[in-house]
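With the hints in hand, could you dock these two chains into one complex?
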Amino acid sequence: MLNYIWAGLIIVSVVFALYQDGTDLNDDRFRNGEALNVQIEGLPPDYAERDDPGPVELSITISPTDYIAFFDPLSTAGIAPDSDLAAEATEQITTFFAEPLPATLVQTSRGREFQITVPDSLPAPLDTIYESTKNDNDLLPAYLGGWAGDPNSPGGVTASIEFGHVGFIKTREVTSVMFDQADNAVMFGIGLMGVIALWMGLMKIAEDAGLIAIFVKLVRPILGPLFPQIPRDHPALGLIAVNLAANMLALGNAATPLGIKAMESLQELNKEKDTATDSMVMLLAMNTASVQLLPPVTLIAVMGLAAADLFLPIFLVTLISLCVAITAAKLLGRMQTFKKTDPMRPNNPNAQKGGAA
Amino acid sequence: MMEDIRIYQDYFAAVVIPLIVIAIPIYGMFRRVSVYESFVEGAKEGFKVGVMIIPYLVAIFVAINMFRASGAMGAMEDFLRPVLTAIGFPPEVLPMAIIRPLTGGGSAGVVADLVQQYGTESIITQMAGTMFGSTETTFYILAVYFGAVNIKKTRHALPAGLIADIVAIFLSVYIVRLLLG
Chain A
1 MLNYIWAGLI
11 IVSVVFALYQ
21 DGTDLNDDRF
31 RNGEALNVQI
41 EGLPPDYAER
51 DDPGPVELSI
61 TISPTDYIAF
71 FDPLSTAGIA
81 PDSDLAAEAT
91 EQITTFFAEP
101 LPATLVQTSR
111 GREFQITVPD
121 SLPAPLDTIY
131 ESTKNDNDLL
141 PAYLGGWAGD
151 PNSPGGVTAS
161 IEFGHVGFIK
171 TREVTSVMFD
181 QADNAVMFGI
191 GLMGVIALWM
201 GLMKIAEDAG
211 LIAIFVKLVR
221 PILGPLFPQI
231 PRDHPALGLI
241 AVNLAANMLA
251 LGNAATPLGI
261 KAMESLQELN
271 KEKDTATDSM
281 VMLLAMNTAS
291 VQLLPPVTLI
301 AVMGLAAADL
311 FLPIFLVTLI
321 SLCVAITAAK
331 LLGRMQTFKK
341 TDPMRPNNPN
351 AQKGGAA
Chain B
1001 MMEDIRIYQD
1011 YFAAVVIPLI
1021 VIAIPIYGMF
1031 RRVSVYESFV
1041 EGAKEGFKVG
1051 VMIIPYLVAI
1061 FVAINMFRAS
1071 GAMGAMEDFL
1081 RPVLTAIGFP
1091 PEVLPMAIIR
1101 PLTGGGSAGV
1111 VADLVQQYGT
1121 ESIITQMAGT
1131 MFGSTETTFY
1141 ILAVYFGAVN
1151 IKKTRHALPA
1161 GLIADIVAIF
1171 LSVYIVRLLL
1181 G
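Residue numbers (my numbering), protein chains in the order written: chain A, 1 to 357; chain B, 1001 to 1181.
Next comes chain B alone, as it looks inside the complex (with noise of 0.2 Å):
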């Protein structure tokens, strides 16, 4: 049983890309959309996002990569191993835990970081990618929308986003685990 659902989801993975690749255009198509035209105003869009991340990056790579030189990261992993072991998380995607709800720029650093010390098929990653995609910055989030009608008394706002922030993350280490593990 288990085992037909991963070869599902291995399946789905091998063709979900491809076929956006190709419903987008033929929808866009079908739309009378000019599609070369919409196509290259997006990336262009891109190139500015690329470039806004990269302070992002500077800052979570030298500060982690600093946190791991110096050894203290190995200190605090083997020192939380035993309770994260417990509960099935590994102590290496605990920093994005940790960094998710507060930056998302930073927190696609840390997964860039797990993908350079672990590469992309490792299970630290995938977790780690499942959790930057399945939550959201939470406080920055709350500080857009609730500042931009000047709500200043947030009322359960941000307990409701952060109770579902930590069941999505410990969600993102059981489910790939299941699915990919």
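Next comes chain A alone, as it looks inside the complex (with noise of 0.2 Å):
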């Protein structure tokens, strides 16, 4: 059950990113290897004749107009034209534009292009091609195609550029994330080691000290009626006690053990000996949903001190869920199904020797 829900959660990731990028080059979102036109203002009169262009200081206007017509952002989101949203991503676009965007024309060598300085949010695609291409420097890059105009006219010339090529987004991205997420989870684990070591450290001084010994005390009247199958001087019902005291206490490693003795008691008792009891069931639906009057170590450890919070929802919790389990396994037990596979019902003819008469 595990094995399939991890892989499937893995395989759905990468299938789940490699559709939308399907979608995406197949919409062509990103405009791959085509123009856009802006307004480039600075631009030196004589740089077409330049040999050596080197670094040029000036300013791109975009026309919001010309960005909705180019990337067609609004259908892409799946917003209807001359809707309230529309006109609000519409004022957003503009309000971007408003301002000329600072850039430096160098030669590379992909060709003459802008790097271009981007404030914090950029407008949807531009958002995800400036994450995708940005260079070291977190400059967006665009490429100069052609240009017509007087450079010295107000406006400046107009300029055909062209963003990097884009492709495969999310499924980078879903890539990358594995590689960061299993550094991330190592470096996690050690830091819970601290905590962890200073509360097994002191749940081995309650251990030693016999703090399981006080809650087997209250644990141990309310069991003979739980147990009904269980003769009262019997060992089994002992070990039952001791196994939910370390439970409640939240002793995992020490109940673990316990809980396997207080069962293997039970075997002693049972007549058939592949299959359950009533007893062996109801010790089983105890521990899944054992009161805990502390938590487990690796939540004290996960959470720190936001931890201490959770003492007495978890407590709450797991009493009424204890009443559940116990209610559960007496009523389950008494349902024709399960009751005609009782070992412990009279005259069982699969009743093995060995078994208390």
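Everything labelled a hint here was simulated from the structure, so no lab data went into it. Please read these numbers as outputs of a predicted model, since none were measured by experiment. For each residue, glycine too, the CB sits at the ideal point set by N, CA and C. Some hints here could point you the wrong way.
Said to hold, decoys possible - The calculated EDC-like cross-link candidates involving lysine to aspartate or glutamate, where the alpha carbons are at most 20 Å apart (straight line), are: (1) B/K1153 x A/D274; (2) B/K1152 x A/D342; (3) A/K339 x A/E272.
As the list claims (entries may be wrong) - Simulated coverage check for chain A against chain B, where a stretch passes if three residues somewhere in it have a Cβ under 8 Å from a Cβ of chain B: (4) 8-18; (5) 183-191; (6) 199-205; (7) 260-273; (8) 292-306; (9) 316-325; (10) 335-346.
In structure tokens:
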């Protein structure tokens, strides 16, 4: 079951990412290889004749109308034209492109490249293009196609630019998350060790001091009615009490061997060795829903001091769920289906020798 | 009334850990336990537990965060949100409810992941933490306890355990909202 869930999470993640990237490519969401017309101010008049263009500081103005016509961001986001949302989105894009963007024009191996300084939040889909193509200095690259007009005129020249090629964004992201999280998990786990050691040290003192014994006295009296098939003086009852007491204190390491001992003791009373008795089912149900006075050590380590808030809620939840577990075990045991398979039923034809008479 | 209970819960939360931290050594000394040596011995065990949990953290952090990064988590939450909100169950806690009965280490990983996503004071983390503390890895306990004595026909053990788990999972949501929400 767990295998399917775990593998399912990973497989679905990758398939889902590939599907989205496929859709993006199919819709040509990022307009790969297409040119957007912009206004450029600050281009030197002799730029075309220069052999070594060198870095040029200038500013780029993108017209919001051109941007919307080019990327069609509204229909990609599923916003109906003429709706309030469309007006709002258009408004945002207009505000964003009101100011020219400062940029440096340099010659790189990929051609004449603008390195554009962009503000923190960009409109879609330019935000994705930026995240995917930004250079080491967090600048957005764009490539200069041609330009026309007089560089000295007040509006600058009209130029066509292309943004970097963008594809398989989600797939890349999912892959990088995989590596980042593997790293993160180990660092996080190492960070937990101190608190785990502290808490387990304290719990070891409690265990050595016989704190469990106190709780055994509390638990012991209520066990008789819950396990009617066990004779009053049988050692199984004592073992069950110790197991439940260890569970209450979240001494998981101590509780499991004790629980197994209790099971072995119940098995001695069992008349049909491959079938669970009502007592065994009850012990198991009480273990899966045991009252927790103290939360488990891993919870304290993971949540730190904030775990203190959870002591009372956990105690209340487990108190109720223990009652539910006991009731469920008792009521289900009375159902015909389960009652007729009880190894302790009278005249059980499968009863083996060695069971209690 | 509810406000009073919340205030008491808050006071209780403030003192419960310091009280445990002094009560245990005092009781230990009273019972003539060499508390320092016991502590060190227990703490040594702690490192084993710490190392043991790391592979689970890797498995869960990687799988859940890939699922989240791909957008599939968001799609699933959006899809289930109407049903889950109707019963007052935050969709973000759903992975916990699914994974809890199956793996202890893995569900600790889910709580840790929520701590990193939402912080320790978030109600989402508190709900998941309460689920983690209130329920057990029923399938594991069933396998270990019955496996140890070769029981093959488990009768009503699994249904009884799972009923208790389901009740505890829903109670965690409601009680945390009541006391801490």
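Verification of the supplied hints:
1. For the suggested pair B/K1153 and A/D274, the alpha carbons sit about 6 Å apart, so the restraint of at most 20 Å is met.
2. With a C-alpha separation of about 13 Å, the suggested pairing of B/K1152 with A/D342 holds against the 20 Å cut-off.
3. In summary, the hint linking A/K339 to A/E272 is supported, as the alpha carbons are separated by about 14 Å, within the 20 Å threshold.
4. Judged by the Cβ-Cβ criterion of 8 Å, the region 8-18 of chain A is covered by chain B as claimed, because 7 of its residues qualify and three suffice.
5. For the region 183-191 of chain A, the assignment as covered by chain B holds, since 6 residues bring a beta-carbon within under 8 Å of that chain's beta-carbons and 3 suffice.
6. With a threshold of 8 Å between beta carbons, the proposed coverage of the region 199-205 of chain A by chain B holds, since 7 of its residues qualify and at least three are required.
7. Beta-carbon proximity to chain B at under 8 Å applies to 6 residues in the region 260-273 of chain A; the threshold of 3 is reached and the given coverage holds.
8. Coverage of the region 292-306 of chain A by chain B holds [criterion: at least 3 residues with CB-CB distance below 8 Å; count 13].
9. Counting residues of the region 316-325 of chain A whose CB lies closer than 8 Å to any CB of chain B gives 8, which reaches the minimum of 3, so the coverage claim holds.
10. Only residues whose C-beta sits within less than 8 Å of a C-beta in chain B count toward coverage, and the region 335-346 of chain A has 4 of them, enough to reach three; the restraint holds.
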